[in-house]
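Peer 1: Could you use the hints to bring the two separately framed chains together as a complex?
Protein chains in written order, with the numbering used here: chain A, 1 to 400; chain B, 401 to 715.
Quick caveat, the hints were computed from the structure, so don't treat them as lab data. Even for Gly, the Cβ is constructed at its ideal location relative to N, Cα and C.
Away from chain A, derived, C-beta distances all over 12 Å, residues of chain B:
hint, residue
1, R453
2, A461
3, N495
In silico DMTMM-like links for lysine to aspartate or glutamate, alpha-carbon gap of 25 Å or less:
hint, chain 1, residue 1, chain 2, residue 2
4, B, K446, B, E415
5, B, K712, A, E222
6, A, K123, B, D636
7, A, K115, B, D675
8, A, K245, A, D256
9, A, K123, B, D675
10, A, K303, A, E131
11, A, K22, A, E57
12, A, K123, B, E670
13, A, K30, A, E48
14, A, K151, B, D621
15, B, K712, A, E147
Residues on chain A that point at chain B, a partial pick, calculated with CB under 7 Å:
hint, residue
16, S118
17, P119
18, A120
19, L146
The primary structure of each chain is shown beneath.
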Amino acid sequence: MIEFKLPSLGADMDEGKLLEWKIKPGDAIKRGQVIAVVDTSKAAVDVEIWHDGVVQELITKPGETIPVGSVMARLRETGEAAAAPKAAAPFPEAPAPTPKAAAASVASVPPTLRKPASPAARKRAHELDVEIEKVTGTGPHGAVTLEDVEKAAEYAAPAPAPAPAPAPTPAPAPAPGADRQAEMRKAIGAAMSRSKREIPHYYLAETIPMHRAIEHLTRANEGRPVTERVLMGALQLKAVALTLKQFPELNGFWRDGAFQPGAGIHVGVAISLRQGGLVAPAIHDVDQRGLGDLMRALADLVKRARAGSLRSSEMSDPTITVTNLGEQGVEAVYGVIYPPQVALVGFGRIAERALAEDGALRAAPVVTATLSGDHRASDGHRGARFLAALREQLQRPEEL
Amino acid sequence: MTVTYREALRMGLYEALENDELAFLMGEDVGRYGGTYAVSKGMLEKFGPERVRDAPLSELAFVGAGIGAALGGMRPIVEVMTVNFSLLALDQIVNTAAILRHMSGGQFAVPLVIRMSTGAGRQLAAQHSHSFEGWYAHIPGIKIVAAATIDDAHGMLGAALRDSNPVIVFEYPALFEAKGDLTESTVDITSAKVRRSGNRVTLITYGSCVAKTLEAAAEVDGEVIDLRVLRPLDTDTILNSVRRTRHAVVVDEGWRSGSLAAEIMARIMEQAFYDLDAPVARVCREEVPIPYPRHLEEAALPQPEKIVAAVKAMF
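Next comes chain B alone, as it looks inside the complex (with noise of 0.2 Å):
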């Protein structure tokens, strides 16, 4: 069946709230209005008000709700509506929800499930269109997914609702359009993915950037990787690929500096140091505020061009 990555958010969320009654949506205008990127669309209908709940606009405060809620023994999907206001609950995120198993000794599980949009491309300025996946990947005690294809769109949510462990799934307003075939019914978030085989370079990168990825990957016979997982990282499939190519490029729509980029090239260089026939290399946000303009906009994110030639420098 071919949906649009939007169509399989909501097909996911459908499912989610009709296979488990403990499952409720909360967030800002996510009944009513039906979403802020209408995934949410004709859910307070279907499912009524308890379970798909209008948040007032606060993130701290609703966050804080998800996680009684959660300990309450529900199992709450909270949407955050971008990984910008994210910052207001961090304190909720990081002090309470990533830490709370493990300041209770294990005697409170918080089985949280955070959606969040996150990404640039959209021409929606500087403070909307941040990329902070990899500063919730350095949080221990959360479990972090990207959704980068269909399939993950759909099953993601799923999967993170079965974790008796917070969650953050990871939308892309981006590829809110791209269209697919729904292949499984079910995804795993545990492991990362090759998304096309290669032999020459070790392409590893994640959400939005997939896309790109592949295209450029074709023009240099690269083996992509989605690690879809951000934390725990798979470290596993991206090795076993790089001691093949010998030459690996991460594509990370984050700011280079300290990014997930940096965590994975480093990895490599422990695990495959003897293994590599070039410097790891990678192909990150420009380091500046993301700017209004198409064209800058643009020019400040991974493209493929930027990936064919970050690989042809390594040769």
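Next comes chain A alone, as it looks inside the complex (with noise of 0.2 Å):
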């Protein structure tokens, strides 16, 4: 017997609204099939089921609240014999599943084995819905501290290609929740199509030496309390801006058949929405700004995005964009142009990497940045000369 429970659909929910099932007593169901949709304090969701069966019972009655972890509905395994009717006593587990059936069901809850994480850090990602699992842990034996949680929840997790649509995120009205997604998954579709369609792109690598920029952040947070500590991401931001400056071709838009330079350089970030989704607001005048300025500027910017909270100002003025795909662990990522603007800049993971230098061979940490160009705009010898000027650029981390 399969006890389907109200899975916890966001962090901050505790309980949900039964709207409607999917399924009846009888019915015959599939692992990824949803059977009911539930209603959260944020949206209506589909939810999923992760098992196949056969319906048994269906105990939550649509229009009731219930807390999380409540059992929904009753489902046999499949080629379990049919519970008596009378199975809906309070343990109905008593009646009669054959022994093979609870052997079975036993089994199939191997122990897990949980990320190491402190009871502080877990409670704290749960508040700030971070995926502990995802986090890297700097505490004892790599647990995950509260500390790397914060950090976590400031850096953004970064998505993979920028591109929404400004319209969602800053929507006037508050709309059910499932539909708020579809929009914004159907407008990150539309820019994506419209940038694959009409760009151009070509793509270029290069891998970079850190150890110099480690270390000088690492020096420079010493002085900091940890509220205040620069992380990578906004040093990379500031080390693009920089770079930008003698490469005004890929600083900008195209439109109208003809590449228009930014204003200014201002720099979109990739930021991934807790419910899916991502949006790639800017940060103004990133090569003007004082790195203790751009991280908070960062900081507050991913908070917003997430609480929904972006002035259109920053959807609309982003004259490139970095995403930074390191906290998930890739080494490389090559992104989509979100046009109308001409560039974006990929950041992977940092890792140890040997590295000749100098006619030297050693381990040291590097990061392979990755430029998107729109071939309309730039070629990939500037392009080139661009990333090189990058790699330059984070060796002279003290001018950032």
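Peer 2: Given below as structure tokens:
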């Protein structure tokens, strides 16, 4: 017998209202199937099930509000004999699940090893809606600490391809969540399709030694309180912005068949949203900001992006986009340009690699930086120069 | 005024005898010899043999006599030379003093004060170096206090005498030569005290380990809590600090298994689990009889460097 319980559909959800069952007793259902629609405080959500089985009994009635974890329905495992209807008694297992089925259900739940994380970190992760499995732990035995969670939350988990339409996030009327998400998906789809249809992309990659930047940041952060520490993401944004000053053809828009340089260097930062989708709002004049200021702006932007309170200027002004999937652990990201922009810079994970430098081989932290360029506005030759200049800029972190 | 811990104890005892004519001191060698640690030196001459009484070598008998005197309306101060010998009086302490109020339906109080020295660190070998504070703190019906500072050495006895229930005051020979200023004329025996403020970790300790922990704390930005009262524990002071630092190390001169440290860790786990950023750690006495040679004795006890190492392992 499988008990289907109301899952938590968001970190701040503790109860839900059943709007509708999509199944009825006797139905054979498949893993992944949507079986119910549940309204949370934020949105109506299609709830999927992760077992195959046959519906034995629906317990929760549409319109009922129940706490997370309540048993909503019972299912027979495929092949399991139908239990007597009185199985709905308080201890439904008691009447007669075959010993075989009972044994099978025990065996099907192997003990899973949780990622080591402190209780305080777990609590905070829950509050901030951070997925603890994805946070890199710096505590004893690699355990995730509270500070790790706060850093992870501050540093937007940036997404693969920037590009949502500006409209969905500052949406005026709070549409039901399911609609909001569908709208966002649609907007991302439209922008990315247009990009791939219209923009002749070229892609370049360069491996950049990061030890100098890391040392610089570590030293600079020593004197700062934890809350004011500057993260590598901010330093990378600054490096991109400074380098862009020599490459105006990468910073701006392609409109009406011509390149139009940006009025300033407003870097769009790709930020993934908790309910899925992403936005890439701008931080204005990144080349003119100090690192501390930039870090605060970045943290603020991430927070507001996730709260859905971005300003329209932030949505429409980006002159280039930077996406960083380093926290997600990939080597490199080849992004899709967000039209009408003409370039996108991607950063992968900073990892130790064998580095040949000055005739010697050693282990050093490096990052793969990529450039997706619009061939209408620039050529691979200039793009390559840009990445080389970015590499050199990151060897002089004191200028950032 | 700068005094030694020993002088502070002597002043506290002197004031206790002078302030209350029902108070008297009884124990082995407290009179003519002036006390094993010279705490009651001169008291016999000052207060006379009625009030400073040498007892025969039977802890069971003279602790029992103390209970009788307390029941009879006196305010006895019984000195048991060391915690090691108090085991001979356990029956009187645990089976009589601690439970008489309960067994009599509240009719009889036992306002008995027992002073005893405890702890290692003076090369007195295995049978003279026990730390049994945790054992006594296990027992409901008695209050257990540990004097780690000059003020507490001076003031805890007076506070204990004002309590109408049995109180055991632990004194630390390892601290007898420690000097400090006398700053408070009276102290409470209800609260733990923060001896040093810090942000990274809460270090919880008592007795002679307080000084060692303070030394370690300076290196790790630790907040040091001196428990002072081992029963009943002032859990709030501990939790308030741990919730802020999110890290805790308990430093306990007793053996680790079944220790007071274990009790404190359990309370933190029960009440501040979701505030913790690392498992609570402890630094205790090694689980061996205390060795005689100095270097081995030092190795068996909590030391500042062990405390620092325990803190660093949490980060």
